[in-house]
Each structure stands twice: as structure tokens, then as C-alpha cells.
Amino acid sequence: MDLVALVALTLAGSWLAAPVGRSAPVALLGRLAQGYLVGAIVAGFVAAQFESRGVTSYALPLLAAIGLAAIAAIVRELRRVPVSTERRRGAALAFAVLAVLVLAHTLLALLEVRERPPYPWDAWTNWLFRARAWYLEPGVTFAWAPDAASGATALQVPGAHYPASVPGLVAWLARLSGEWSWPRLLLAWPLAYAATSIAVVAFADQALRSRTLAVIAAIAFATAPFVVTHAMLAGYADLFLTGTLVVALAAAYEWRRGGRLSIATVAAFAVPVLVKIEGLVWIVLLVLALALAARPRLSAAVVAASVLALVATVLVLPEGIHLFGERVVLSADFVRVPYLGETQLTLNPVFGPLVHAALLSETFGVAFWAIIAAALAALPLRRRLKAPRSRAEREAQRVLAIHGGLALTFTLALFAFTVAGRWAVDQTSLSRVLMQTLPLWLILAARVFEPLDPRAADR
Amino acid sequence: MPFSLSGSTFRVWALRIVILAGCAPVHAQTLELTSADEHIAPVGTVAIEGDALVLRGEPGVEQAVVLWPGLELEAEGLAYAHVDHDGLAPSHALSLYFRASDGTHIVDVPQTSGGATVALAAAQGWRGRITEIGLVYGPQGNIPTLVESSIRVHGVTLAPPSFGARFAAAWSSLWRIAPWLGSRNHVLARNTLVASAGVIVALALLAAAIAPRRGRRFAFTVALAAFVLVEFAVWRQWLVLRDETSAIASARAAAGVPPELDWQLVRFAEGVRRHYEGREHELAFALGFDDSYVSDRLRFHLLPLRARRDIAYVPPAGVCLLKLGDEEVETPLLRRETAFGAVVLSLPADAGPECGWISSRSSP
Numbered sequence: 001m002d003l004v005a006l007v008a009l010t011l012a013g014s015w016l017a018a019p020v021g022r023s024a025p026v027a028l029l030g031r032l033a034q035g036y037l038v039g040a041i042v043a044g045f046v047a048a049q050f051e052s053r054g055v056t057s058y059a060l061p062l063l064a065a066i067g068l069a070a071i072a073a074i075v076r077e078l079r080r081v082p083v084s085t086e087r088r089r090g091a092a093l094a095f096a097v098l099a100v101l102v103l104a105h106t107l108l109a110l111l112e113v114r115e116r117p118p119y120p121w122d123a124w125t126n127w128l129f130r131a132r133a134w135y136l137e138p139g140v141t142f143a144w145a146p147d148a149a150s151g152a153t154a155l156q157v158p159g160a161h162y163p164a165s166v167p168g169l170v171a172w173l174a175r176l177s178g179e180w181s182w183p184r185l186l187l188a189w190p191l192a193y194a195a196t197s198i199a200v201v202a203f204a205d206q207a208l209r210s211r212t213l214a215v216i217a218a219i220a221f222a223t224a225p226f227v228v229t230h231a232m233l234a235g236y237a238d239l240f241l242t243g244t245l246v247v248a249l250a251a252a253y254e255w256r257r258g259g260r261l262s263i264a265t266v267a268a269f270a271v272p273v274l275v276k277i278e279g280l281v282w283i284v285l286l287v288l289a290l291a292l293a294a295r296p297r298l299s300a301a302v303v304a305a306s307v308l309a310l311v312a313t314v315l316v317l318p319e320g321i322h323l324f325g326e327r328v329v330l331s332a333d334f335v336r337v338p339y340l341g342e343t344q345l346t347l348n349p350v351f352g353p354l355v356h357a358a359l360l361s362e363t364f365g366v367a368f369w370a371i372i373a374a375a376l377a378a379l380p381l382r383r384r385l386k387a388p389r390s391r392a393e394r395e396a397q398r399v400l401a402i403h404g405g406l407a408l409t410f411t412l413a414l415f416a417f418t419v420a421g422r423w424a425v426d427q428t429s430l431s432r433v434l435m436q437t438l439p440l441w442l443i444l445a446a447r448v449f450e451p452l453d454p455r456a457a458d459r
Numbered sequence: 460m461p462f463s464l465s466g467s468t469f470r471v472w473a474l475r476i477v478i479l480a481g482c483a484p485v486h487a488q489t490l491e492l493t494s495a496d497e498h499i500a501p502v503g504t505v506a507i508e509g510d511a512l513v514l515r516g517e518p519g520v521e522q523a524v525v526l527w528p529g530l531e532l533e534a535e536g537l538a539y540a541h542v543d544h545d546g547l548a549p550s551h552a553l554s555l556y557f558r559a560s561d562g563t564h565i566v567d568v569p570q571t572s573g574g575a576t577v578a579l580a581a582a583q584g585w586r587g588r589i590t591e592i593g594l595v596y597g598p599q600g601n602i603p604t605l606v607e608s609s610i611r612v613h614g615v616t617l618a619p620p621s622f623g624a625r626f627a628a629a630w631s632s633l634w635r636i637a638p639w640l641g642s643r644n645h646v647l648a649r650n651t652l653v654a655s656a657g658v659i660v661a662l663a664l665l666a667a668a669i670a671p672r673r674g675r676r677f678a679f680t681v682a683l684a685a686f687v688l689v690e691f692a693v694w695r696q697w698l699v700l701r702d703e704t705s706a707i708a709s710a711r712a713a714a715g716v717p718p719e720l721d722w723q724l725v726r727f728a729e730g731v732r733r734h735y736e737g738r739e740h741e742l743a744f745a746l747g748f749d750d751s752y753v754s755d756r757l758r759f760h761l762l763p764l765r766a767r768r769d770i771a772y773v774p775p776a777g778v779c780l781l782k783l784g785d786e787e788v789e790t791p792l793l794r795r796e797t798a799f800g801a802v803v804l805s806l807p808a809d810a811g812p813e814c815g816w817i818s819s820r821s822s823p
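Chains F and B, in that order, are what the protein sequence lines are. Residues in the first sequence are numbered consecutively from 1, following the numbering used here. Residues in the second sequence are numbered consecutively from 460, following the numbering used here.
Hints are computed from structural coordinates only; laboratory data are not their basis. Positions of the beta carbon are idealized from the N, C-alpha and C atoms, including for glycine. This list has only true hints and no planted wrong ones.
Covered stretches of chain B, going by a simulated chain F footprint (3 or more residues, C-beta under 8 Å): (1) 665–672; (2) 699–709; (3) 715–725.
Here chain F stands alone, though its shape is the one from the complex (with noise of 0.2 Å):
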């Protein structure tokens, strides 16, 4: 039954998905992964809501929910029109060796998961402990340290305050297959890697001009280790997370594109939050970028008010800005924000984790040197780089270079100048952040090499 719920909400999960892909294969295999990560945060968080109130017998239920939303799903693509196919021998070469690639490591993944319980340390300590917890427990609490505000039995997890829905779908599957199996829950990791290759290669083919260079972006993401990684050693969210922020950049896309605000979209901006905590900062940085690509005046009045605010907060106003009740504090010493929590201000060497994590190690492969090769080469093809002939794709991709940009301002600021530091030196949290945007930032690069593709096409 947990096999079929995954077919189930693959299918359901694709109501969600934005339409990406320049051909009919892409298009449909853009949707179906979009949909499997859509699908399965949407179907964890509804679950999570069930298991944290002690009640199981939704568990059929969901699954007859879902299937209903799945048949429809399939009813619409067999009366969809097909779109007109662009048939080009090097991308298609390039899309075979992909293929191959995603299908080897997700293979490698499924043999791995199979025979290796869940291993790294946030799996069991935090994501599926609370899955576990729950399908042994139903109703369990969950708090950082339990005291009596908490309820004194709930169970001690330091990820109490993170987002359940990763969880809920843990929990949902094995009362689904009826036992804590873990090398079928686990399957849920590679084919989260595949639908997340998949879904970077179909946006990638919608964003970029050049199908052949779409394609290496998507093959620098799916062999990049940490990338594949995950999962072989599954129980983490990041995965699900990176998937969903490009199910949500591609919808931000299509709706600047496309100029049509849908309920997909909204509901694409939704479901990283749902993820875990970083998911909410890359979907207001993304919101931001759209503010800023739609109104470019206001990039300079955004920066002006910034440094007023740091003028104004750690200068003029030393004791810093106290709001509602203490619940949002901006200060010279520390940050405090509800949900996200509050954030020491320190100066940390961050510069040293970075180029290990991100250019020494094997963590990401050649992928990060790439993007550095890219940032040099724009500026002697710039000249040669073609701008979109609609206005409306023109705005569309400067969200994405706008929300790269913010994207990599978050990420150094985050770990030179608070206490995620710490987890930088050991290269945790930092490959994770990393991991998170890569896609954005290889979609990026591939867009300034496009000059040198002759047969990207004008759009």
C-alpha cells in the first residue's frame, strides 16, 4: 500500500506542478517530479496534522484522497494536447546521458537504503525520530528540552520546532505497509534525488535557451556527491527541500512569464516552508526577488532601507528595535524573529568552510568550480548574450538572477555573521545551504555560456 501511495501522490502532487519542459517527454517528466515532491510534503503535512492529535485511522483515507486527485491527474494528461516537440540530436544525446546517470545513482540509492538503516545523524536524532515516535506513539508530543509548559512526558528532540511533514510522511507510509520497515520507508530518499534531477533538468529546459546546456546544468546537480548523498544515506530533509525550491522557482518563473497568478503557484510557494525552517527565508528572498525584478526602482530604495536599518540599529539606536512584545528584536548583539528564532550576531571566519565545502572536498564535485568559471566568463560574453525578446521573460529571468543574488548574500551572511558559523566549520549546515541552491546557481551559470551554444534557440 506505501508503493502505492507514492505512485498516488506523484500523480496528485502534479496539479501542483508549474508547466516547464520544451518538449513533450521533458514536460510530462517535469510534471510527474514536481509532483512527487509536491505530492509528498502536502500528503506528510496533512498526515503530521493527523499524528500530533493520537488519530490513525486517516491513514486510508488520505490514500483514497490522494488517489482520487491522482485519477483526475491522469484523466487530464490523456486529453492534454501535446506541445510541439524541438528535436535536436545533441540534446537528446545529452537527455540519454542523464538519464543514464540519474537512473545509475538512484539504482545506487535504492541498493544502498535497502541495507543500511537509517544512518546520519539528523535522521535519527530528529526526522525520523518523530516518524518513529509517532507510529509507535500516537498523539507524542515533542519539545526541545520537556518541562511542564511542554507537557512533562513529551519526548526530548532538538528538532522539536522544525516542521513535521517530513515526519508525517515517514509515519503515514508505515501505517500504510502496517510495520516499521525502514528499507521501505527509506525508498522515499531516491526517488526524491531522481524527481529533483528531473525537475531541475524540465526547468532548466524551460529557462534556458540552449536545451544542451539545460541538460549539463541538470547533470552537474544529479552527480554532484553530496547531491547523491542524501540519498543513498536517507532520513534527511534537504533533499525534499532543494526539490520543492525549484518546483516554487519554476512557478515563480511561469507566473512572471506567463503573467498568471495560479493557485499552483501560491501553493508552490508554500511547500518548502513546509520542509523545514530554511524553506521559509529562500520563499520570502524569492518574493523579494519578484518585487525587485518587477520593480527594479525599488532594488535601490531595498538597499537604502538596509543600511539605514543597520546605521539606525547598531549605531543611532544601541539598545536596537524592540517590537510586539519582544517577539521581533533587531540589535547590534542579536536578531530575534518568530519562527525563526533568535540569532547572535558574531563575525565568524567563514571564508576557509566555504572554499573547503564547496571547491576542495568532493562534496560537490566540479560543480561549484564551474560556477566560478561562469562568473568570470560573463564578463567577456556578456556582449554576446542575447536578452529575451518579451519583456515578460526578460522580468522572469531577472527574478532568478536577482534571488541568486540574494541567495548568496543570505548564505555568507548567515554563516560569517551569526552563529550558524559554528556549523560551517564542520561543513554541515554549509553543504546543506549549499546544496539548497544549487540548481538556481547552475541554471545561472549555464545561462551566461549560452553564447557559446549555436544552436540555443531564440525564445
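Following the hints, position chain B against chain F.
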């Protein structure tokens, strides 16, 4: 093992080329230690089979150590060690041990499909007079894998600094099988091969950006070749690690033990859980281990029983407290020796009368 390369042969060849080239008074300084030389085995079992020493740990004492004592070597003239062996067992590690005038030191030997060459530097303690050389072999973390765990060592060759020896050490480093380093957090090892290939990819892409069309194809080919090299190296490593995972899983299944790395803790928790089944709300465990890994793992394995990483934890009224830690107590309820040290279950001395029934039950 898949993709088994003849790296060992290559390294030996590289060392011997240097010796034959006569670019240094090598013959006078090169030293080879084999099974024919006087050696001792203070830990584990070391047997002579043909020209090889076979090192094997014993249950309980998983490591094996072989030492060549009574040496009088000047570290200055010898900068590389080549360990000629037939390959490590799954999840095992090999280190070179030596005794210098300031004490004993250990240098990790990279895991390769065959033998490996390792550089010896003053920073690692390789200085002054060396009086003892040895090899330390055993499962990573000294955690029993239950697979056949022996290693066949043909000898240890100490060589002076030379281009060939340096090349052999670099070759070993490039093709080493990095374990899932820190992979509880997915972090991967520093890798010279990947970084070098990355530089080549970056330079080739930059060249393609500024080169005329004819040169562009060449630049792209170079970038592609560098990428393929990295992919090959990474896949080779993953397939070896996959092979090892599979071998360990099969060995544990055959022995009837859980597949987890810490199967001893899994079994301990299973016993405790079975004993207290249905009483989840009546008890709580306060965990106090030096190694927080053990505390966290036991919390996971004990589910749905509640365990807190706080030895001073005071549970709510009506809930009995049991202590789980690595410290010895006079009358433990249960005690097990594991690869992570002792795990001791006990009842606090000030346990209330309502908890008395626990100690009266039979041991899990």
C-alpha cells in the same frame, strides 16, 4: 572488489624506478620489513603464510598489531613508507605505527584496492631516531563488522625522498577509498583529484569563453574529460563502499544480529523495551554517557520509551526513573559490554517506593 586497479603494482614499480634511477644513494637507505624479519604481535593474531603476514583481530579485541622492534633508523633519510598488502576488509583501517625518540606515533595509510604509499613528515612525529615500526589494523571505530577481517601484508618499504616516491604517495592519495567520512552528516572528504579536476574544468570553460570557435571544442573536450575523471573516481569509490555495505549486511544477517552499525545497542534497547512493554508512561530514562552518540542512539532505539539526555533529570510525579550510563554501579539492573563501552541500567538509590516493583522484576 569492483574496479580493482593494480595500484599496488604501480606504486611498487614507481618506488623501484627511483631506486634504479640512482638519483640518490637509495640502496643504502631503503629498508624493507617483511615476514622474514623479526617481529612481534602484541595485539590480535599475526600469522606467516608464504611470504605474507596475515593480521587478524579476535572477537572482543578487534585490532591486530604487528611490530618490528629493535631498529636504528634515522628518520631524516626516509620520507615515504609503502605498505604492500592485498586490500583491506570492509570498513577496516590500516595505520603505520612508529616509535621515535619523543614517543610513539600513528600515521593513517590510505585505503586503496591494494597497497599504498604514505608520506612521513616531521609534523607527524617522523624525526630523530626511529626504533620501532609497526602496523595497526582493525575495524573503523573498533566496531565489529562480523565479516572476514584479515589482511595479507607482504611488507613495509621505507624509501628516501624522491620524485617517484612522492608520485606514488600522490597516486595512493588520489585513488584512496574514503570512508563515509563524517557521513552521519553527509560530509565528504577533501580530495586533491576532485579539486584538481575542478581547476581544469574552470580554466577550460574560461578558455572556451574567450577562444575562437576551433579552440572552443578542444577546451570543452578538456572540461568533459576532467568531469568524466571525477565521475569515474567517485563511482569507483561508491561501488567499493557499496560492496562493503553489502558484505557487512550479509555477515550481520548470517549472524542473526541487527544490521545497524551499533547492533549491540539495538539489542540492549530491544531487551529493555520488551521488559517494560506497555508501561511507556510509567517510566523515564535519564541518560549519562561520556559519548553523546551513545545517548542519542539509545534514545532512538528505546522508543517509545522516554529517555532524556540529562542524568540529573527529575521526572514528573508518578513516573519511575531509571538511569542508563557508562558508570559502574554496585547493583546494576542490567549491564552490557559493547563496542561503545559499558552500558549500565540502574535504579537510583533514592528511588521512591512506587518504583520498587521495577527492581523486583526479572532482568531483561
